[in-house]
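A.B. asks: If you want the building blocks of each chain, they are given just below.
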Amino acid sequence: MGAVFGLSLRQMIGKRRMIIIVLLAALPVALAVLLDMFARGDGDFNENFISTIVDALIVAVVLPLVVMTLATAAFGNELEDRTLNVLVLKPVSRLSIVVPKLLGSIIVTGPVLVAAGVAVTAIALGGGGARALLATAAALSTGVIVYAAVFTWAGLISSRSLGFALVYVFLWEGLVTSFLSGARYLSVRGYTLGILHGLDEETFTPLAGRVIELPAAIVGAALVTIVFFVLTVRRLQRMDIQ
Amino acid sequence: MTTSTASIDVREVSKWYGSVVAVNDVTFQVRPGITGLLGPNGAGKTTILHMIAGLASVSKGQIEVLGEPVRGNVALYSRIGVMSEHEATYSFFTGRQLVEFSAKLQGVGDVKAHVDWAIDMVNLEDAQHRPLGTYSRGMRQRMRLAATMVHDPEVLILDEPLNGTDPRQRLEFQDLMRKMAADGKTILISSHILEEVETLADTILLVVSGKLAAAGDFRAIREKLDERPFQVRIVASDPRALAAGLMRLPEVGSVTVDPDGSLIVLSGNVAILQRSVAMLAKNESIRLYRVVPLDESLESVFSYVVAR
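These protein sequence lines map, in sequence, to chains A and B. In terms of this note's numbering, the first sequence opens at residue 1 and continues consecutively. In terms of this note's numbering, the second sequence opens at residue 1001 and continues consecutively.
By construction, these hints were calculated from the structure, which means they are not laboratory data. Wrong hints could be hidden among the right ones.
[Claimed, not checked] To give an idea of the interface, some chain B residues facing chain A are shown, with a C-beta separation under 8 Å as derived from the structure:
id : residue
1  : Ser1014
2  : Trp1016
3  : Leu1055
4  : Ser1057
5  : Ser1059
6  : Gln1062
7  : Val1074
8  : Ala1075
9  : Tyr1077
10 : His1086
11 : Thr1094
12 : Lys1104
13 : Leu1105
14 : Gly1107
15 : Tyr1289
Here the structure is a predicted model, which is why all the values come from computation and not from measurement. Note that the Cβ used here is the ideal one computed from N, Cα and C, for glycine as well.
Extracted from the complex, chain A is given alone in its bound form (with noise of 0.2 Å):
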């Protein structure tokens, strides 16, 4: 298995893709600064600050941009490349695989985005605030987990994967899930943002009136990423390789 993960690593730490990465990530703690240096004074400044930093920046787009930036890249540019009868012609499962290249995903893009969520959420607290800046570490990591496992299978599926993970990323999770409070239960950005105010409800009231509660974003959360390792799995074990 540590072979193919450094396999992984060495496909995705390109530098043009990480470069798009850090930037991405760094876009939020930008306007986080600016923010706190021109409207700090504001009434309701927290307010505005976690509705548009942290979910509808951080939560709604960068996250699940950054992670399908390198998810969907795991096996896509294997099929691409035709390089993955390389991998699945040797007496490893694919279970074998498909644990590194999902590792992979988690492990780069992981603590760029917690690191960036956490900056964020100091800036607005003003320092300080353990509880806030741990659930935001949590929130965040659960996201990326999860992300990570739709974009994995995702670029197994299709060579189109890029485009549909787009569409499902602003059309589901972006506009329905904004609309539909039931279409949360199934929202990676649902379970995220749950998990984020459960686990600090005082810090990040201004998102109770759109959440879900905390055991059912953690439930989803582990039932959504389980599905889709388990269809990953089965994909590469089914599918035919050219």
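Using the hints provided, position chain B relative to the given structure of chain A.
C.D. replies: Just chain B now, kept in the frame of chain A:
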């Protein structure tokens, strides 16, 4: 393993994609030694090899390698080595890293010893530390072969392995394959180039349009091919004088003069014709500008065999 045992057993196998039949009811066995899977491009060779390697499912029929079903049987890959037609590989790896990567996934005991042996077998020690992206096609093919055989498999399945290799590399490759065959390995090699397989394989499987057109001893099939008439276009300085001379040759069936002045010669034996034309032109002081076989393509050769 005795030579009477089939290492690869393909029974009544078909493969279709929607309404397109890629392979149609193919049955054959491959025994230790070198077997060539021969056929024109698009005949279904790669699909057959992919099914044998377990990369593709069969729509109908059964395939066993070393007595076991291969599809979904990942443990079997420690006993077989498969090199696909696609030359793409991880270009950021050095040649040695590719072979090491393969050895690690194969779970071989002493990785270094196996890697050294495999690279030595393909004669690429000097280039082993260079990135694969800097290799020529032939070098890349050889290093991929080293990665394919690093675990010393009992069965080697090679899809168009000689693509991009130069004549010297081909000879080295042929020597290597013969050595491995002499060690009792089963080697199945696909090619769309007749001569490539002719010099290498003891037995051939001829595939045309997804069907097994002929199987068995190469020489018998080749004789059948040699009997067919070939058309050759000749452009010369004095076509009429050459035509008159050619009509006297026993191996020439007919000669026609094209409006552009070139000769179209129908011959039952192209090998003899080539020598006779050169001799005739020299004796008559005629200059030969071009001698081009018009139907040398494998497609026409295979069509002929199938039609008979």
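A.B. asks: Now tell me, hint by hint, if it's right for this structure.
C.D. replies: Hints and how they fare:
Using the Cβ-Cβ criterion of 8 Å, the hint placing B/Ser1014 at the interface with chain A is not satisfied: the shortest such distance is roughly 14 Å. A cut of 8 Å between beta carbons decides the hint on B/Trp1016: the least distance to chain A is about 12 Å, and the hint is violated. Interface restraint check: B/Leu1055 against chain A, minimum CB-CB distance 5 Å, threshold 8 Å, status holds. Residue-level restraint check for B/Ser1057 holds (minimum Cβ-Cβ distance to chain A is 6 Å; threshold 8 Å).
Proximity of B/Ser1059 to chain A is violated relative to the hint, the smallest CB-CB distance being about 11 Å (cut-off 8 Å). Annotation: interface hint on B/Gln1062 violated; nearest CB of chain A at approximately 17 Å, more than 8 Å. Here the hint on B/Val1074 is kept, as its CB sits about 5 Å from the closest CB of chain A, short of 8 Å. At about 5 Å, the closest approach between the beta carbon of B/Ala1075 and any beta carbon in chain A falls short of 8 Å, and the interface hint on this residue holds.
A distance limit of 8 Å between C-beta atoms decides the matter here; for B/Tyr1077 the minimum to chain A is near 4 Å, and the interface restraint holds. The beta carbon of B/His1086 comes within 4 Å of a beta carbon in chain A, closer than 8 Å, and the hint placing it at the interface holds. About 12 Å separates the beta-carbon of B/Thr1094 from the nearest beta-carbon of chain A, more than 8 Å, and the hint is not met. Nearest Cβ of chain A to the Cβ of B/Lys1104: about 4 Å, under the 8 Å cut. The hint holds.
Of the supplied interface hints, the one on B/Leu1105 holds, with its beta-carbon coming within about 4 Å of a beta-carbon of chain A, less than 8 Å. Against a cut-off of 8 Å between C-beta atoms, the interface hint on B/Gly1107 holds, since the closest Cβ of chain A lies about 7 Å away. A least Cβ separation of about 43 Å between B/Tyr1289 and chain A goes past the 8 Å threshold, and the interface hint is therefore violated.
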